[in-house]
Every structure is written in structure tokens, then in C-alpha cells.
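Here the protein sequences line up with chains A and B, keeping their order. Numbering-wise (numbering that gives the first Met the number 0), the first sequence opens with residue 0 and increments by one. Numbering-wise (numbering that gives the first Met the number 0), the second sequence opens with residue 0 and increments by one.
Worth flagging that the hints you see were computed from the coordinates, not collected in a lab. What you are looking at is a predicted structure, and each value in this text was computed from that prediction instead of being measured. Incorrect hints may appear among the rest.
Said to hold, decoys possible - In silico lysine-lysine, DSBU-like type, Cα no more than 35 Å apart, as pairs:
{"id": "1", "chain 1": "B", "residue 1": "K301", "chain 2": "A", "residue 2": "K2"}
{"id": "2", "chain 1": "B", "residue 1": "K247", "chain 2": "A", "residue 2": "K293"}
{"id": "3", "chain 1": "B", "residue 1": "K393", "chain 2": "A", "residue 2": "K293"}
{"id": "4", "chain 1": "B", "residue 1": "K84", "chain 2": "B", "residue 2": "K44"}
{"id": "5", "chain 1": "A", "residue 1": "K240", "chain 2": "B", "residue 2": "K84"}
{"id": "6", "chain 1": "A", "residue 1": "K282", "chain 2": "B", "residue 2": "K326"}
What the hints assert, rightly or not - Chain A is nowhere near these chain B residues, computed Cβ spacing over 12 Å in every case:
{"id": "7", "residue": "I8"}
{"id": "8", "residue": "S40"}
{"id": "9", "residue": "P61"}
{"id": "10", "residue": "D74"}
{"id": "11", "residue": "E86"}
{"id": "12", "residue": "T90"}
{"id": "13", "residue": "G170"}
{"id": "14", "residue": "P277"}
{"id": "15", "residue": "L282"}
For glycine and all other residues, C-beta sits at the position ideal for the given N, C-alpha and C.
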Amino acid sequence: MRKSPYILSTSTTTKIMGDVLIALVPAFVASVVIFGYRSVLLTLVCVVSCVVSESLYCLALRLGQSITDLSAVVTGVLLAFSLPVGFPLWMAAVGSVFSVVVVKMLFGGIGENVANPAVTGRIFLFLSFGKEITNWANTSRLINSSATPLAEGESDIFKLLLGFRAGCIGETCIIAILIGGIYLVARKVITFTTPISTLAGAAAVSLICGRNPVFDLLTGSLMLAAFFMVTDYSTSPVSKKGKVIFGLGVGAISVLIREFGTYPEGVSFAILLMNILSPLIDKMTFRMPFGGVKNV
Amino acid sequence: MSQLAGIHINSNKKNTLVYETEIEFPTFVRIPLGKCSPTVSIGDKVKIGQVIGECEKKFTPPVHASVSGTVKGIDDYVEIASDGKKERVLTDRIEITNRESLAKAAYECGLVGLGGAGFPTHIKLQPKATVDTLIINGAECEPYIISDRCVMTQKAREIAEGADIIAGVLGITRKIIGIEKNSTVCGEKLSQYGLEVKILGDKYPKGAEKVIIYECTGRVVEEKKLPSDCGVIVLNAATVAKLAEYVKTGIPLVSRYVTFAGPLISDSVCFNLPIGTPVSYVLDKLKVKAQHILDGGVMMGKEVGEDAVVTKTTGAILAFDELTYPKETSCIRCGRCYGVCPVMLSPAAIDRAYHKRDVKLLKNLKVNICMECGCCEYVCPAKRRLTEFNRRGKIMLKEAENA
Numbered sequence: 000m001r002k003s004p005y006i007l008s009t010s011t012t013t014k015i016m017g018d019v020l021i022a023l024v025p026a027f028v029a030s031v032v033i034f035g036y037r038s039v040l041l042t043l044v045c046v047v048s049c050v051v052s053e054s055l056y057c058l059a060l061r062l063g064q065s066i067t068d069l070s071a072v073v074t075g076v077l078l079a080f081s082l083p084v085g086f087p088l089w090m091a092a093v094g095s096v097f098s099v100v101v102v103k104m105l106f107g108g109i110g111e112n113v114a115n116p117a118v119t120g121r122i123f124l125f126l127s128f129g130k131e132i133t134n135w136a137n138t139s140r141l142i143n144s145s146a147t148p149l150a151e152g153e154s155d156i157f158k159l160l161l162g163f164r165a166g167c168i169g170e171t172c173i174i175a176i177l178i179g180g181i182y183l184v185a186r187k188v189i190t191f192t193t194p195i196s197t198l199a200g201a202a203a204v205s206l207i208c209g210r211n212p213v214f215d216l217l218t219g220s221l222m223l224a225a226f227f228m229v230t231d232y233s234t235s236p237v238s239k240k241g242k243v244i245f246g247l248g249v250g251a252i253s254v255l256i257r258e259f260g261t262y263p264e265g266v267s268f269a270i271l272l273m274n275i276l277s278p279l280i281d282k283m284t285f286r287m288p289f290g291g292v293k294n295v
Numbered sequence: 000m001s002q003l004a005g006i007h008i009n010s011n012k013k014n015t016l017v018y019e020t021e022i023e024f025p026t027f028v029r030i031p032l033g034k035c036s037p038t039v040s041i042g043d044k045v046k047i048g049q050v051i052g053e054c055e056k057k058f059t060p061p062v063h064a065s066v067s068g069t070v071k072g073i074d075d076y077v078e079i080a081s082d083g084k085k086e087r088v089l090t091d092r093i094e095i096t097n098r099e100s101l102a103k104a105a106y107e108c109g110l111v112g113l114g115g116a117g118f119p120t121h122i123k124l125q126p127k128a129t130v131d132t133l134i135i136n137g138a139e140c141e142p143y144i145i146s147d148r149c150v151m152t153q154k155a156r157e158i159a160e161g162a163d164i165i166a167g168v169l170g171i172t173r174k175i176i177g178i179e180k181n182s183t184v185c186g187e188k189l190s191q192y193g194l195e196v197k198i199l200g201d202k203y204p205k206g207a208e209k210v211i212i213y214e215c216t217g218r219v220v221e222e223k224k225l226p227s228d229c230g231v232i233v234l235n236a237a238t239v240a241k242l243a244e245y246v247k248t249g250i251p252l253v254s255r256y257v258t259f260a261g262p263l264i265s266d267s268v269c270f271n272l273p274i275g276t277p278v279s280y281v282l283d284k285l286k287v288k289a290q291h292i293l294d295g296g297v298m299m300g301k302e303v304g305e306d307a308v309v310t311k312t313t314g315a316i317l318a319f320d321e322l323t324y325p326k327e328t329s330c331i332r333c334g335r336c337y338g339v340c341p342v343m344l345s346p347a348a349i350d351r352a353y354h355k356r357d358v359k360l361l362k363n364l365k366v367n368i369c370m371e372c373g374c375c376e377y378v379c380p381a382k383r384r385l386t387e388f389n390r391r392g393k394i395m396l397k398e399a400e401n402a
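Looking at chain A on its own, in the form it has when it is part of the complex (with noise of 0.2 Å):
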């Protein structure tokens, strides 16, 4: 017979990931009405690769098949989000298989895999195809400008709030994304305590760097990632200890590589690195149960 307990949260992964989505839907509002109809496509396509990815992957190794935890649907939009609206859909489409069977299925599948999937796609898409992913030409005639501000150095508060500007889809309009962070805190599916020691850690190193911490933390991917990419449970430490840690080191890196990288934006690669340092952050933060002694 089943032993205790006999009563279960009816809390699910599956509902989770539901939340996830709930609160990606005013940032992907905001993508459409700012890019165009071509975002949709974009993020369409990320997420059916990434699920048909995940199901064949699984098919195909006789696993049990996962992809109704919506975790492949959650990287899709997520990837789909990192990326400017021009981007090839095909190129899309091999970032995501990229993201589901390398990053993630290859890894052991959900909670096992060391890295975040959606970033690491985009990282891999930014390496193959560095051209394309930094095209900014876009199909909206809300913006004029084909550069990003972090670029360009443009810096009307406004307009970054609203996320007339260009950049990647999911990325710019911060109040969307603000909105959809505060809906995942309500849920608790996440705390504050990750999103506000990125953009700490962001500020701060911004401030001694003689850079605009305003700015800094409206433009780029920062904001996003803040609050759906450096809160990913796999692949960020356990402790609220660790989340800072975590988080500030994210922040941080991000803006050092803005401002001694070649590269204008440095999120991914930051949340990376923070990825892999993980696991030692949770050891470091190691808590001693209540009334445990340390072993001799």
C-alpha cells in the first residue's frame, strides 16, 4: 500500500509552465503591435519546432513524452522573444531544435539540463548566423531607427518603457514584460528575489562604470531575462542566498560585456556563465538542516 502523505498540492509542472505563458502573452501583445504580423510567425515557428523536436526526441528514444509539461512551448516563446523579426524562419527553426535536443533533452530533459535552453539557442544562432541575428531592419513603421538604442545610445524614457525601438520582439516593450512579472510573483511561481538582484547587479556595475544605470536596465534583453530566463528553476541555484548571488553575477556580467565587449549586448552570454557556475553556488549556499552538526 501507498504510504503518506495521502493528500496532495494540486499544483503541476504542466500548470507552472501554463503561468509562464499566461505571463509571456502581453510581452508577445506588445511584439505584435510594435513588429507586425511576422512575429507571430516567428514565435509559431520556435514553438512548433521545439515541441515536434521534443516529441520526436522522445519517440525516438522510448521515452515517456514530456512535452504536455508545456516546458518546450515555454522555450519556443522564449527563443522566439530573442530574436529580431527579420530573422530566417528556418534559421529559427534549427535554434530551436538546437535549444530542445542539445541543450536540453540530450542533458536528461527538464531539471537536468545544465543550461538554459532558449539562451543557449540563441547564443548558437548568434554564432552560426551573426549577420542575420543582428539585422535589425524591421516591418513595423513604428520605429524609424535600424539600430538598437544600445548601439545607438538613444534614450527617451518613453519610448523604452513602451518599446518603440528596435531590438529583438519580445524584449522591448518593458511595461508588457513588467506586467507579466508581476503575474508570475502573484502566482508564485517566482520571487522578486532574482529579477531585483539582476537589474541590482546590472545598476550597480553600470553606476562604477560611469554608465546610465536608467538606460542600462531598459535596454537589451535585461529586463526579459531578468524575469523569465535568470528565474528558471533547472538551471539557477535552489537558496534564496544562491538567487542572489546568481543574480547579481548576472547582472553584472551583462553590463561589463556592454561596456568592454565587442559585442553591444552581453545577457545570454552572462546568464550562461551564471548557468555553469550554478551548481557551486548551491554548494556554497549549502544550508545545515535545523539541529544537523557538521560531519566529522
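Add chain B to chain A, keeping to what the hints say.
Then chain B, alone, in the frame of chain A:
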């Protein structure tokens, strides 16, 4: 001093006093012997309170007949057919003057922890270290169960008297009774009788020994140590009341309050049942047909068969129509188990260590500290059997250490 973690869980209880519901005596009882050997034979006539089983080692206290009648069967239990007369054996006046007489009384009363753990009370009452605090555990933190609340409602005086006896002999200066936020209604009477009432938070599990010690005194019981090592004895409210009752009347532990509740029973009821009462007898009286029967709570109890009986530690019988569980999926490292563990373990990490059979890691993760409260498994969105893995991890570690 911060509160320890835990979970918010629907208690299915209201903040009201609870009185026992009358019920006829069963026609027969089947009293479990546990570690005791029978001291009666088939055909013997027995009276209430007569010793029917004893343990050679004197660690486990004796078992007494709970009804008067004839012994009908002996196995790992003694079955007695009741003659309905409720005759009882007469005992000498019990006097408690020192530690020896206190321990002897608890032993002869057949007393064990009535909260569910069933640890022999006479052992607890002979602490090796000096104790200055007695904590009476009135925090019945599991959903549905109201047996201790029934004791606190009807036997507040006995609880206080029992506490005085123990405190007097052991030189204890502080007597605290810990109760839950949803049973504050019992608090007034208890404090009138001179007990310090401590209202605990409403998170489960406040009644766990280490948790209640910490929340009442701020003291931490270290691993592999006993509460008495930090100057505390914890006894369940019903246990303390029973001790006082025994001293007054000479009736040993032959009956106890048992809550009958669960989704199939619209109103939770509390009966005073002879030990050994067949559970099916009571369920029939309540006209309940259950597919699943739990002895104890939903968080820490265990499922029992139709032939189950009321034991010394049966605080509740819960009736369920069906118990179904979603499929177990992969851990997503969300950290919920880590967040709710009252003793600050990392259940997800223990899950991984257990499945890798990594004994050294299990030791470092302190799986031995787990008290199997079930919080981690309750919150897990991947529906992993975290409490069960902890249980098995503890066994794996113990076996490795003994090898």
C-alpha cells in the same frame, strides 16, 4: 526567533470545543500485543485493566484487557469476547513520591505516547539529563483529527494535574502547553489550571517534537540527541491526562479518544473506544463504507485493511472513497520542497542522492533529520514521492553505517 517553515493546509476543523460522542461497547476486541508476549490463555476470564501481555525487556509497557469477558483467541493479538459487564480489576492506591514511583506508575499504566509515535512514557520520564521544562503537545496539526482537542475540552484539569505530578518529581519549573491557532478555544481553561498556553502558528506541522520545542522555548534539539539533552520533555496532552487519571482511579490505558472523519464522514466525531475495538464495528455504526481506511492523519498516518483495530496510538480513523494520485514526473528543481521543509532539508537533492545510491551525499544532506512530515511531497508539482525517498534514504544510510 523565526518560525520554522511548513505548509498551509485545509485543516477541516473549526475553533470549537469537542465532546465525545456516546457509542456502545463492541461485542469483542482484538488487542494488539506488539512486542509483548501473552500472559493469558484461551478460555481465561479477564477483567478490565488486567494485564494480558508483557514484555520481558520492560522497555515496552504491558498491555491490559480493555473489556471484561473471555479470551477467545491469541496470536500477535489477544481477542476477548465481551460479557458486557464492564467489571474491572481493583488496584492499590498509587502514590508517586520520586522518579522510581513515577516511572513505575507510567509503566504499569501501559502508557505510551498517545500522539501517534507511541514511545514508552516511562522511558521518557527517566531522563539522563536535567530537565527544566515540560512541553505538553496539544498541537494536533494534521487535518481532520480532533482527539487531543476532545481531551483538552473534557480533561483540562487532568492535564494540569498530570503536569504537576511530573513537574514535581522531576523538578521542572516551566509547564507549557502548545496549541494551534484553530484550537485557542481550549486555551482559557488550560491557563486557568496554571499552564502556560503557547499559541503556535497555523502552519503544518507544529506538533512535531523538534518543531514544538523550538517554537515554545527557542531550543534546538541536535541530531542524534534527545529533547532531554536540551532540558525538555515533550508529552502529548492525552498522555499527561491519562497519567493523572491512572493515579486517581487506577484504571490503566484501556481506552482512548479516536476521531472518525474524512470525506465520507460529514461531521468529524470523537469516540472513547476500548483498545482493540474493530474499526469496521464503528464504521458500520456510522453507516460508512470506505474503500480506503487511514489510521492517523492524511500527512503521516498509514493505510490499514478492513480488519484494523484501534491501537494505543490510533488518534484517528479516516475514511476515503478513493485515493488516486497523478503520475510522477521529472523534478524541475523549482525549490518548493526546499522552501517548506520545517527542518530545512533539501528533499530534491536527497531524491537525486537516493536514486544514485550515494550514501555519502545522503549523510551530508542529513537525511537522518527527516521526520517524514510529508510537506515536501505535498507541495511537489512533479508529484515525486519525496517523503518516501527520504524514508528509504534514511534506511539506506543506516544500513551503510551499520555495515
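Need the list of violated hint numbers for this structure, in ascending order. 2, 5 and 7
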